[in-house]
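Chemist: Given next are the chains, with one letter for each unit.
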Amino acid sequence: MAKEIDVRGLSCPQPVFLTKKAIDAGETEIIVTADDMVARDNVKRLAENSNYNVQIEEKGEEFILNIIKK
Amino acid sequence: MVKIKPAWMVLLAGSLFGIFFAVLTKFGNPANMGTCLVCFIRDIAGAVGLHHIGKVSYIRTEIIGFILGACVAGLIAKEFKVVGGSSPILRFIISAFVAIGALVFLGCPIRMFGRLAGGDPTGFAGLLGLIVGAWIGVLFLKSGFMLGRTKEQSKANGWVIPVFALFLFVLLLAKPSFITLNPKGHAPIAISLVVGLIVGILAQRSRLCFVGGIRDIILIRDFHLFQGLFGFFVFCLIVNLLLGQFNSGAYPIAHTNHLASFLGLLLVGWGSTLIGGCPFRQTVLAGYGNTDSGISFLGMLVGAGFAHNFLLAGKPSGVSIHGIIGMVVGIVVFLIIGFTNCVR
Chain D
1 MAKEIDVRGL SCPQPVFLTK KAIDAGETEI IVTADDMVAR DNVKRLAENS NYNVQIEEKG
61 EEFILNIIKK
Chain G
1 MVKIKPAWMV LLAGSLFGIF FAVLTKFGNP ANMGTCLVCF IRDIAGAVGL HHIGKVSYIR
61 TEIIGFILGA CVAGLIAKEF KVVGGSSPIL RFIISAFVAI GALVFLGCPI RMFGRLAGGD
121 PTGFAGLLGL IVGAWIGVLF LKSGFMLGRT KEQSKANGWV IPVFALFLFV LLLAKPSFIT
181 LNPKGHAPIA ISLVVGLIVG ILAQRSRLCF VGGIRDIILI RDFHLFQGLF GFFVFCLIVN
241 LLLGQFNSGA YPIAHTNHLA SFLGLLLVGW GSTLIGGCPF RQTVLAGYGN TDSGISFLGM
301 LVGAGFAHNF LLAGKPSGVS IHGIIGMVVG IVVFLIIGFT NCVR
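In order, the protein sequence lines correspond to chains D and G.
Its first residue numbered 1, the first sequence is counted upward by one per residue in this note's numbering.
Its first residue numbered 1, the second sequence is counted upward by one per residue in this note's numbering.
Looking at chain G on its own, in the form it has when it is part of the complex (with noise of 0.2 Å):
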């Protein structure tokens, strides 16, 4: 395998998402989103009935891609070793609260860049948001804050999410009754899925972590991580300038509650530096062999659900009463889980 230093490694990773986020809208994929994890483990939460919204039902073939794209870097790295039992449960909690923080923001935090990167100001807040989510998290890490040690597994533990992953390739091509597809706001399936199984492989190289990049200069003042966010936000920016997509003055499917945009991603980032890993990383560890973080990926999937059927996620219109509640309720339950998860 072709040797790059990590530095250049986390910055290609980080560059070619981002011209990718912008490119695939071009392709068809919901303008202002693109390729928003946790927006997609949504859509693929409608396809198999989680939820009943119709218009974000679909199985998106990026996620696909990450998960397999990362299962063989691994294991052509052989880097597919299967771990967990760190507190498993505790971990698919957090996640689902992850995930319907996302959800009232309007997108992960990889949305959230794409966002600012295609001239939407209302990313601001959520940017905000996830700084100071992830500063409280390292103030839990440094107070003791830990989920246990993880522990080999037999090799089915690991899997488990690449098989479900394929399985859903399989619904998704076959397109039985019973599953959701949105026909409209999609780029095809075959450029969703390379452009997945690309920056699957590269994130399995690189660890690109939207969250890390922010928690490793509050934790640690390292900003190896950071060049993966900063190489996304500038190429997704230059993209959209040459596409004619910055700053149309439409900031499709996002709202201006600030306050909720900025407790949504709170959350994300808080949440994301309790189980060591945003979102997007959380789905790339799932593929080659984490176990912990197959459970994480499963926990935003029913987190989305819930998101959606007991109304918490926002809307272009606003966010209900129901999301801030939500939103409350998952600080309270990060609380409880931090402060009674501190060893000394």
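Only chain D is shown next, with the shape it has when bound in the complex (with noise of 0.2 Å):
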């Protein structure tokens, strides 16, 4: 089962912080939804530094990045 985790309508640096505890719980599979390019991008840098693969969807207004460890 993959981690959901809702981003949307945070702050930063909060969209970051929840990824990154989800990382650090060792979740293999992420799925973050953010509506905000800020949160996309950083969640993305996080999750690619932290050796996980990021595919992003864009759906309307939100992005669903599915993350997937490497």
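Don't read these hints as lab results, they were simulated from the structure.
Each residue gets a CB set at the ideal place from its N, CA and C atoms; glycine is no exception.
Some clues are possibly wrong.
For lysine to aspartate or glutamate, the following DMTMM-like pairs were computed, each having C-alpha atoms within a straight-line distance of at most 20 Å [claimed, not checked]:
#1 D:20 to D:48
#2 G:155 to D:61
#3 D:20 to G:222
#4 G:78 to D:62
#5 G:142 to D:24
#6 G:142 to D:6
#7 G:78 to D:57
#8 G:81 to G:152
Partner residues aside, some chain G positions facing chain D, computed with beta carbon under 7 Å [to be verified]:
#9 79
#10 141
#11 149
#12 150
#13 207
#14 220
#15 276
Here are some chain G residues the structure puts well away from chain D; computed CB gaps all over 12 Å [what the hints assert, rightly or not]:
#16 122
#17 180
#18 188
#19 193
#20 316
Quick one: dock chain against chain with the hints and give me the complex.
Modeler: Below, the structure is given as structure tokens:
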């Protein structure tokens, strides 16, 4: 089961912080829903630097980040 | 739009800002103050009568440029998104104390780095305070501190701060009698405005943040935003050396009360971490639709007024007991807001 994190409406640095918590907990699959480009970019950078692959899906105003352990 | 790697963008934004910071003092901005965000908000507060210290009253076009530059960049990049409603009144009060802390130290984080890059060693106590403040803020974040989610708001909300910036510019040009403008201590309007616009655009694109750079190292061991601080300091230092402005021996508009400097920027680091960005970042965000940051900008404006009306602000001669009491009150307020907004 992928860990789902909803960071919509959260301001800096909450989106990155919540994703980091999931990464530190050893989650291998994380789905982050964001509605802000800053959050999208920051979460993507964190995940890639933490040895995860990131695929981003755009859904209207929202971004779904599929984060999977390499 | 030209695509530049995010890492280069933040380095470029910080470096150019560092160069402008040093160069603008050559053009007339106060020595050792350069382009201090909170000092300049304080000057605007004086210009519109929120305090009555004529010497520190002027409508600073750099601030107008930051807001309008961010606004234009946000519109072009389709990132002008109007959101808000995440505990606005708490953000207001936190920002007011952030401004008070900065004015006790005599400078926001930008000026602290600028002071160090000018060879002013009194900035070190402030740097230490800023780091400890950001660290306390991170402890609260790790304990579940949150101010709540933002919601989308109507477009009109997002235009309030950019229109306010334009209004200030009109006041500066029209010079009505009820506005106080110190004739000395500023670079020519056109130069300040162009610099402000360039920095505002780059800051919007890069998310440059002077507290975020430190916070991210403590919170997630990420040095991305720190590159902006690094560029700012290094290039400001180089230009100061080239222009003969480094370590002149006199450190104008600074004091040697290191405890007050430490506590002042501790409030800035802590408060900025709680609201998600330094005074500069809040001002830039306010330019492209973040109304919570707009509230923060107004909170700093009002806080700056209080800082002078209540004799809290530091002076080159030192810091009054009022200033120390003001910071203790700020710490108590941050503790109350911090503990009452932790969700598990």
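Chemist: Now tell me, hint by hint, if it's right for this structure.
Modeler: Here is what the structure says about each hint:
For the suggested pair residue 20 of chain D and residue 48 of chain D, the alpha carbons sit about 12 Å apart, so the restraint of at most 20 Å is met. A distance of roughly 16 Å separates the Cα atoms of residue 155 of chain G and residue 61 of chain D; the hinted pair therefore holds under the 20 Å criterion. For the given pair, residue 20 of chain D sits about 11 Å from residue 222 of chain G by alpha-carbon distance, which is consistent with the 20 Å threshold. Pair hint residue 78 of chain G plus residue 62 of chain D holds up; C-alpha atoms about 14 Å apart against a cutoff of 20 Å.
With a CA separation close to 13 Å, the supplied pair residue 142 of chain G and residue 24 of chain D stays within the 20 Å bound. For the proposed pair residue 142 of chain G and residue 6 of chain D, the alpha carbon gap of about 17 Å is at most 20 Å, so the pair holds. Between residue 78 of chain G and residue 57 of chain D the CA atoms are separated by roughly 18 Å; this keeps the pair inside 20 Å, and the hint holds. Our distance criterion of 20 Å between C-alpha atoms is met by residue 81 of chain G and residue 152 of chain G, whose separation comes to about 8 Å.
Restraint check, residue 79 of chain G versus chain D: the minimum CB separation of about 6 Å is within 7 Å; hint holds. The beta carbon of residue 141 of chain G is positioned within 7 Å of a beta carbon in chain D (closest approach about 6 Å), and the interface hint is therefore held. Checking residue 149 of chain G against chain D by beta carbon gives a least distance of about 3 Å; that is within 7 Å, so the hint holds. Against a cut-off of 7 Å between C-beta atoms, the interface hint on residue 150 of chain G holds, since the closest Cβ of chain D lies about 5 Å away.
Among the interface hints, the one on residue 207 of chain G holds; its C-beta lies about 6 Å from the nearest C-beta in chain D, closer than the 7 Å criterion. Below 7 Å, beta-carbon pairs count as interface contacts, and residue 220 of chain G has one with chain D at about 5 Å; its hint therefore holds. A least Cβ separation of about 4 Å between residue 276 of chain G and chain D falls short of the 7 Å threshold, and the interface hint therefore holds. Residue 122 of chain G, annotated as away from the interface, keeps every beta carbon of chain D farther than 12 Å; the closest lies near 30 Å.
For residue 180 of chain G, the condition that its CB be more than 12 Å from all CB atoms of chain D holds, with the nearest at approximately 35 Å. Residue placement check: residue 188 of chain G keeps its beta carbon more than 12 Å from all beta carbons of chain D (closest about 34 Å). Separation of residue 193 of chain G from chain D is adequate, the least Cβ-Cβ distance of about 26 Å exceeding the 12 Å criterion. Non-interface call for residue 316 of chain G relative to chain D: holds, since the shortest CB-CB distance, roughly 35 Å, exceeds 12 Å.
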